[in-house]
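There are 2 protein chains.
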Amino acid sequence: MATATHSIPDRITFERTPVTYNHWKLDFDGPVATLSMDVREDAGLSPDYKLKLNSYDLGVDIELADAIQRIRFEHPDVRTVVVTSLKERIFCAGANIFMLRGSTHNWKVNFCKFTNETRLAMEDASENSGIKFLAALNGICAGGGYELALACDEIILVDDGNSAVSLPETPLLAVLPGTGGLTRVVDKRKVRRDLADFFSTIAEGVRGKRAVEWRLVDAVYPTSQFKERVARRARELAAQSDRPESGPGITLGPLNAVVADDSVTYSSVTLEIDRARRVATLTVAAPIDEQPTTIDGIMAAGDQFWPLRAFRELDDALLRLRLNEPLIGTVVLKTVGDQASVLAVDETLLQHKDHWAVREIIHFMKRTLKRVDLTSRSFFAWIEPGSCFAGSLFELAIAADRSYMLDDPDQPNTIALSGLNGGSLPMSNGLTRLQTRFLGTPERVDEVLGEKEPFDPQAAMDAGLVSFAPDELDWDDEVRLAVEGRAAFSPDALTGMEANLRFAGPETMETKIFGRLTAWQNWIFIRPNAVGEGGALTAYGTQKRPEFDFNRT
Amino acid sequence: MATATHSIPDRITFERTPVTYNHWKLDFDGPVATLSMDVREDAGLSPDYKLKLNSYDLGVDIELADAIQRIRFEHPDVRTVVVTSLKERIFCAGANIFMLRGSTHNWKVNFCKFTNETRLAMEDASENSGIKFLAALNGICAGGGYELALACDEIILVDDGNSAVSLPETPLLAVLPGTGGLTRVVDKRKVRRDLADFFSTIAEGVRGKRAVEWRLVDAVYPTSQFKERVARRARELAAQSDRPESGPGITLGPLNAVVADDSVTYSSVTLEIDRARRVATLTVAAPIDEQPTTIDGIMAAGDQFWPLRAFRELDDALLRLRLNEPLIGTVVLKTVGDQASVLAVDETLLQHKDHWAVREIIHFMKRTLKRVDLTSRSFFAWIEPGSCFAGSLFELAIAADRSYMLDDPDQPNTIALSGLNGGSLPMSNGLTRLQTRFLGTPERVDEVLGEKEPFDPQAAMDAGLVSFAPDELDWDDEVRLAVEGRAAFSPDALTGMEANLRFAGPETMETKIFGRLTAWQNWIFIRPNAVGEGGALTAYGTQKRPEFDFNRT
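In order, the protein sequence lines correspond to chains A and B. The first sequence lines up with residues 1 to 553 when you count with the working numbering. The second sequence lines up with residues 1 to 553 when you count with the working numbering.
Derived by calculation from the structure, the hints in this document are not laboratory data. The reader is advised that the hints may include incorrect statements.
Copies of the same chain are indistinguishable here, so a pair counts whether it falls within one copy or spans any two.
[As the list claims (entries may be wrong)] Cross-link-like lysine to any residue pairs, in silico, SDA-like; alpha carbons within 20 Å at most:
#  : residue 1 : residue 2
1  : Lys544    : Phe98
2  : Lys87     : Leu120
3  : Lys52     : Phe98
4  : Lys190    : Ala463
5  : Lys50     : Ala539
6  : Lys190    : Leu431
7  : Lys353    : Ala301
8  : Lys188    : Pro442
9  : Lys50     : Ile97
10 : Lys227    : Thr34
11 : Lys52     : Thr542
12 : Lys25     : Val258
13 : Lys52     : Phe14
Here the structure is a predicted model, which is why all the values come from computation and not from measurement.
Take these sequences, add in the hints, and give me the full structure.
Okay, here's the thing in C-alpha cells:
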C-alpha cells in the first residue's frame, strides 16, 4: 500500500541510531552538545527528490527526534544543545518542496504533525529537563528551517550581509508555515503582529539589526565573532541547568518489533490491523516480571524498565499506524495483565520523580499519551475482564473518544487510578485528562483520585470514569455497532469533530470558535467527502449513498 | 456578480425592521420578550430552496441579529428573551441543507461567520447588558437549531417522548456543527467529551432525562407544564438584571446608504470598490456637527449620536463587503476629520459608561471592531495628513494587518489615543488591541496610554504604534507596492496567515498549533490554489506562474 505518490517504502520505520544518521551529526563537549544538520541530498525517504540546501523530509526529522530523545536519556550531563548546520552559509532551507508536492494530503498532514511534535519535544526538554536549545544560524534559514530555530530557546544569526531568517511559504508557495511558525512568531517570540505580517509575506526575509529589533532573533554577530559568541552563550545557558554533573545515562536499545503484514508485535504492545473493517487493535500489557523500586534498580534495568519499554513501544506503534496505515479509521485500545503491578510501577515513579531519569520517563509517558490525543483516528477503549486500565494505563481509557466497560457479575472487571493520574501526565491544554473530563464537575477530580478501591462497572459509571457499561447480553452487539457505525462516517468529519471535542478547557471560546472550529469546518467544506460528486452533502436527500475516500489525515 | 450558485440577489442587504420580518415574531410582556421563530418556507434569499421545518438561511439570521440589536437598544426594560418557535413540535431544523449544497465555499464560510457572530452577540448581551436568553425548545431541535439554543443562557426542552436535541451534521452530512456547536457543548456546557462524542454521532439526538444528565439541556418538562415553567424561569432570570425599569430606548432608524455599482456611501462612512485591483477603500469620518456630552443630549440625539451612527454604518459596510464582494482581497482603511471631536466623544462615552445606553453603544463599537478582526480580507491603514486615527478610530489602525503613516515635515500628521483604547474595546482573545500588540513589551501599553500629546510619525514609530512611516518621496510607491504585492498572493494563504497572526495571546501554544494552525494548514493544503493544476505548490520551480481563484472566504 503506497502512503504517498512518491515511491516511499511501503513501511516507514521510526527507530534510528546516531551511528547510522544520514543527516545529523551529534558532538559532545562537556555540558554542551552540538547537533549539526548536514542533510544528504540523495538519502531522502524517496529517490524522487533531492534534499538540497539542507531541506528536509520526514526521514530527516525522524533522526532529529531520535537525537533529542537520546540526549535526554543517554546524556544526562548535557545542558545545552547547539542546533546548527555543517553546510557553508546555509542553515536550513525548510521542508523539501518537491517532497511536499508529490505527497498525498494525509502524508503532508502527518509529516507536519510529526515535525510539530518533534519541536514541542525540544520545548518540553527545555521546560522540564533542564536542557536549553540554542539555534546557531550560520547561514540562510528559511521556512521550516526558521521554524526549527523558533523551537529553540534562543536564536543567534550570523551577520554576514546575506543570511536572513524568513517564512516564505505564503509568498512563494501559497501555504502556511505550518510547523508552528506563525504561532511561535507572535505567541512565543511575541513579534508585533503587523511586523509579523510583513515578515511572513517577504520571501527574502529579515536579517541583521532589524531581525533583532523585531524580536525574530535574539542576537546577530559578524562571521568573525559568530562561533565564539555561540560557544559563550551555550556555556552560559548550561550553567542554569539542574541536570547531573555526569552520567551514566540510559541507553535506548532497539525495540525489536516483529512486523508482519497485519501486525506489529513488541514485548508489551501489540498492534493488529484489520484492513477490511478499517480497525486496528492496540493492546498494552502490564509488566509480567518483577519491576525495580529503587533508583539503582531502575538504572540497572535501563530501557527494559517496563514504563519506558512499554511506552516506547506504544509510541512506535502509534507512529507506524499514522504513517503506514492511512485507511485505518478506528483504533480499539485494550490492556491486559495485573493492575497491581502497574499501580506499583506508578508508585515507584512518583516516589523518585525528582531523579533525572525518572523525570525523563514520566515526561516521555506524557508525550506518548499526547500522541494519542493528537492522532486523528477514533479511539475506543474496551474495558474487559482481565484488562489492566490502571493508573498510567487508565490514561488510555480517558484519552479514548469513548470507553465501554463490560458489566458481567460473573466476570469481575475493574479500573483503578494512581497518583500519576493526578497531574504528571497533562494533555496539550495543560490540564490532566481527569480535569478535562470533569470540567463541568471539577470536584469529581479529587473525589475519584481519593478513591482507594478499584471501580467496578457500576462504580465507574457513577463516577463518570467510563462512557458505557453494557451487560454481557448487550456487549458484543454494542461494541460491534460502535465500531461499524464509526467506520461508516466521513473520516474528515470525524477528524474535525474529534479535534474539537478532545481539547476543551483553557482558551477563550471566541478564539476557539473562529480560529479552530471554523478552520476545520472550512477544510471539511471543500473536501470531496462533503461536497464532491459523491460527497455526503451532495448525496443528502437523494437516493444515492455518499461515497467516501477513507484515507484519514 | 453572483455571490452563490443559487439565484440569490446580487446585493445582500443587512438592514431589517420588525414589522417586515419574514421569519421571526417579537412579543413583549414586561421584562420578558419572546422571540419566536416561524420561518416562511418561500421567503428564503433564493427561490431555489424551501426553508422547511424552521430551517434557516442567511436571511433568517439577519433578522435574528436585527431583533437582538433592537432589544438591546430599543427595549431597555427587557431582561429576559425567550427564544422559541411557533411551529408545532418543531423548534428548528438547523441551517437549510439545500441552501448549503448550492452555495459557493466563500458563501458557506461567511454564512457561518455571520451566524457565529449573531450567537456571540447574544452571549455578549447576556454577559454585559443584563439580558438573559432562555431557549424554550417546544419540539425537535437539530444542528444549527441546537447551536442557537446553546448560545442561550439556559435551555428548557419539552419532554413529549419525541423532541430531542441533536447535532446530526457528522453522521448525516459529513460536516461539522460549525456555528459553535462542538465548542459550546464541551466548553460552555461542559458536557463530558466522551458523551459529546456519542451525542455528535447519533442523528436522532438525545431527549428527556438523559439530555439533562448529560448537561445538554438544563431542564425537561412535560408538554402540560412546559409553557408555565418557561414563563416562570423567564421571570426568575429577569429578576437578576440591572437594566432600567422602563424606557425610552434608542430607536434604530434606517441608515439610508446610497448604493452605487462601485460604492456605498453613508453619512460618516464610505466604501469604495476597485474591482480591477481587487481593493476596497473604507473611510470613516469624524463627527462634523456638535456632539452631545450629557445623557439627556445623547438620548435626544438617539441613533444620530455619532459613535452609534458611524459604527452602525461601518458594521453595515463590512457585512456588504464580506457577502457582496468576494473578489476584493485588500481593504485600505482611512479616516478623515477632526481628532479633537472624536476624542471628545470618547471622553463623553467613558464618563457615562455605566448608563445603559452608553454601555450598549460602547459594546456595539466593540463588536463592530471585532468584525474587522474576523473579516478575512487584508486590512492596511493609511495614516495621512487630515486623517483622524484617534481614540476609538485608532482601533482601526491597530486592527489593520499593517499601518503606514506619511512622514512629511511639511504636512503635520498625527495619531492620538483615548481612554477607550485602554480596555473598553477588547478583541476576541479578551485582550485590548494595544495589549495584543505589545505582548512582548507589556509596559508599553500604559506608557502609550499615558501620553497626552498626539504622536507624530517619528513618535508613533518609536512607540510601536504604526508599522511603517515612509517619507513623502517614498510614500506613493510604498503603499502602492504593498497593495499590489498583497493582491498577487493566494487568498487562501492570506486568510490562514491573517487568522493565525491576528489573535496572539491567551491560549496554550500547543492547542493553538494543533487546533488552529494545523487546521488552517490542512484546509489550504487541499485548496486548488496550492495543489490544484494551477496552484502555487504545483507551479513552484516550473516555468508556469500559479493561477489563483481570488474569491476570499
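Each hint tested on the structure:
no., hint, result
1, Lys544 x Phe98, "between (38 Å within a copy, 15 Å between copies)"
2, Lys87 x Leu120, "neither (25 Å within a copy, 52 Å between copies)"
3, Lys52 x Phe98, "within (10 Å within a copy, 50 Å between copies)"
4, Lys190 x Ala463, "between (42 Å within a copy, 16 Å between copies)"
5, Lys50 x Ala539, "between (43 Å within a copy, 18 Å between copies)"
6, Lys190 x Leu431, "between (24 Å within a copy, 14 Å between copies)"
7, Lys353 x Ala301, "within (17 Å within a copy, 68 Å between copies)"
8, Lys188 x Pro442, "between (30 Å within a copy, 14 Å between copies)"
9, Lys50 x Ile97, "within (10 Å within a copy, 47 Å between copies)"
10, Lys227 x Thr34, "within (12 Å within a copy, 72 Å between copies)"
11, Lys52 x Thr542, "between (51 Å within a copy, 17 Å between copies)"
12, Lys25 x Val258, "neither (29 Å within a copy, 68 Å between copies)"
13, Lys52 x Phe14, "neither (23 Å within a copy, 54 Å between copies)"
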